[in-house]
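Q: In order, the protein sequences belong to chains Z and W. Following the working numbering, the numbering of the first sequence begins with 1 at its first residue and continues without gaps. Following the working numbering, the numbering of the second sequence begins with 1 at its first residue and continues without gaps.
Think of the hints as simulated: they come from the structure by calculation, not from any bench. Worth double-checking, as some hints may not be accurate.
[Claimed, not checked] Heads up, simulated EDC-like pairs for lysine to aspartate or glutamate below, C-alpha to C-alpha not over 20 angstroms straight-line: (1) Z:173 to Z:121; (2) Z:160 to W:187; (3) Z:173 to W:167; (4) Z:173 to Z:205; (5) W:160 to Z:167; (6) W:78 to W:38; (7) W:173 to Z:16; (8) Z:160 to W:161; (9) W:160 to Z:205.
Because the structure is a prediction, the values reported are computed rather than measured.
2 protein chains.
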Amino acid sequence: MTGTLFGLGVGPGDPELITLKAHRILQAAPVLAYPAPETGDSLARRIVAPHLNGNRIEVAIRMPLSAPQFPDESVYGKAAKSLGTHLSAGKDVAVLCEGDPFFYGSFMYLFARVAEQHTVEVVPGVSSPMACAAALGAPLAAQNDILTVLPAPLETELLKERLATCDAAAIIKLGRHFSRIRSMLSDMKLMEHSRYIERATMENERILQLDAVNPDASPYFSMILVHRRGKAWQR
Amino acid sequence: MTGTLFGLGVGPGDPELITLKAHRILQAAPVLAYPAPETGDSLARRIVAPHLNGNRIEVAIRMPLSAPQFPDESVYGKAAKSLGTHLSAGKDVAVLCEGDPFFYGSFMYLFARVAEQHTVEVVPGVSSPMACAAALGAPLAAQNDILTVLPAPLETELLKERLATCDAAAIIKLGRHFSRIRSMLSDMKLMEHSRYIERATMENERILQLDAVNPDASPYFSMILVHRRGKAWQR
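Just need the whole structure built from these sequences, with the hints factored in.
A: This is the structure in structure tokens:
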């Protein structure tokens, strides 16, 4: 009997936004793994900390700041091997994933490596666009709206084209791209159709007017929701 | 003291995919409301049935089959008024929403009406694209992919254009549009990049080859995930 690797969506930040299923698996798993920076705390582990009880084996998958790009073989290859040892010994492994494991998550790189030899089960989680919409009191998409998720690191011209052909958009991964994205929205006369939020559902959640955001301090976990045609749910 | 209206995302179907927060509010709320067909069971209520204990007031928001289109004032105006009476009497009301309340959900029509006079809080839930991706073992989007959600009722030419300019897509609300959508994917040579699933995470979940789907029997709760450029997470 080999163990199962679980990819657990732990939700966007509020520890109470984990599912009953992920909570159950989390409490039962003898081995816990999670992404972490080169030094310091793992956000995913911090989200579930209130739910952890008893001793278990913990494996931090540390991503060097200098990592050239995802997927980094030296990190995920090594992690897959390390977790594979526990799985082969019959132990279940729970991998914590911020938000949902398969929505722009790094879990997919482990998944691709481990699934060839072991059973892998993905437990979906509450994802950041839904959490941001709830916090903003602004529906993501209605009726037959076309909703597009746009990663901010993409080139401005490409983002403009895609933004012009959807009804609603979630611009993710803002961080150091915030200033360029804000200028783009201003050029497109979409400032009044756009709402900014950072760290949705976390204790330090902030909702700001786009003009009020300090572009040097916008975190990776921030998002702009755009409703190009106004409020669909009031049309 | 007036009560709070909670929009509770109850997740995609598996009762265990409700969040701890929605579960807590559900068990405490003296009034429960949910969308339902003109006659028969409510899917949202069926999802949470294992979690209900004790007596409470239940309000079924019944949508006539003949309803011209959403939002139907005669249905949501009436429901808002009825729930408003409970809120004004100081009772919290929990409105059950399949998946997430603000991802193509009908809750937004209640929200728009009730939020003017009462406190409304939205609890985000696990949404169907994430549930489908987990069940298929296929990530929704990776790295800087552009992900687009396309409602199947839209015109074929529009869908083709939007599909041609994203990396990954979730085609939702298939139902009676399945046959047309499958032909479109075939025309675009995307059949091998597309995966079909119906009723993800429910007991009668089915994953089928597109060719094997009976177009007369594809339910509303089905989805096709498309990865135009192949498997991003293995690139």
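Q: Against each hint, give a clear statement of whether it holds in the structure.
A: We went through each hint and held it up to the structure:
With a CA separation close to 26 angstroms, the supplied pair residue 173 (chain Z) and residue 121 (chain Z) exceeds the 20 angstroms bound. A C-alpha spacing of about 28 angstroms is found between residue 160 (chain Z) and residue 187 (chain W), which places the hinted pair above 20 angstroms, so the restraint is violated. In summary, the hint linking residue 173 (chain Z) to residue 167 (chain W) is supported, as the alpha carbons are separated by about 17 angstroms, within the 20 angstroms threshold. As the CA atoms of residue 173 (chain Z) and residue 205 (chain Z) are separated by approximately 16 angstroms, the hinted pair is consistent with the 20 angstroms bound.
With a CA separation close to 16 angstroms, the supplied pair residue 160 (chain W) and residue 167 (chain Z) stays within the 20 angstroms bound. Restraint check for residue 78 (chain W) and residue 38 (chain W): satisfied, since their Cα atoms lie roughly 15 angstroms apart, inside the 20 angstroms limit. Taking the CA atoms of residue 173 (chain W) and residue 16 (chain Z), the gap is near 30 angstroms; set against the 20 angstroms cutoff, the hint is violated. The suggested pairing of residue 160 (chain Z) with residue 161 (chain W) holds, with an alpha-carbon distance near 16 angstroms, which does not exceed 20 angstroms.
Taking the CA atoms of residue 160 (chain W) and residue 205 (chain Z), the gap is near 38 angstroms; set against the 20 angstroms cutoff, the hint is violated.
Of the hints listed earlier, those the structure fails to meet are numbers 1, 2, 7 and 9, in rising order.
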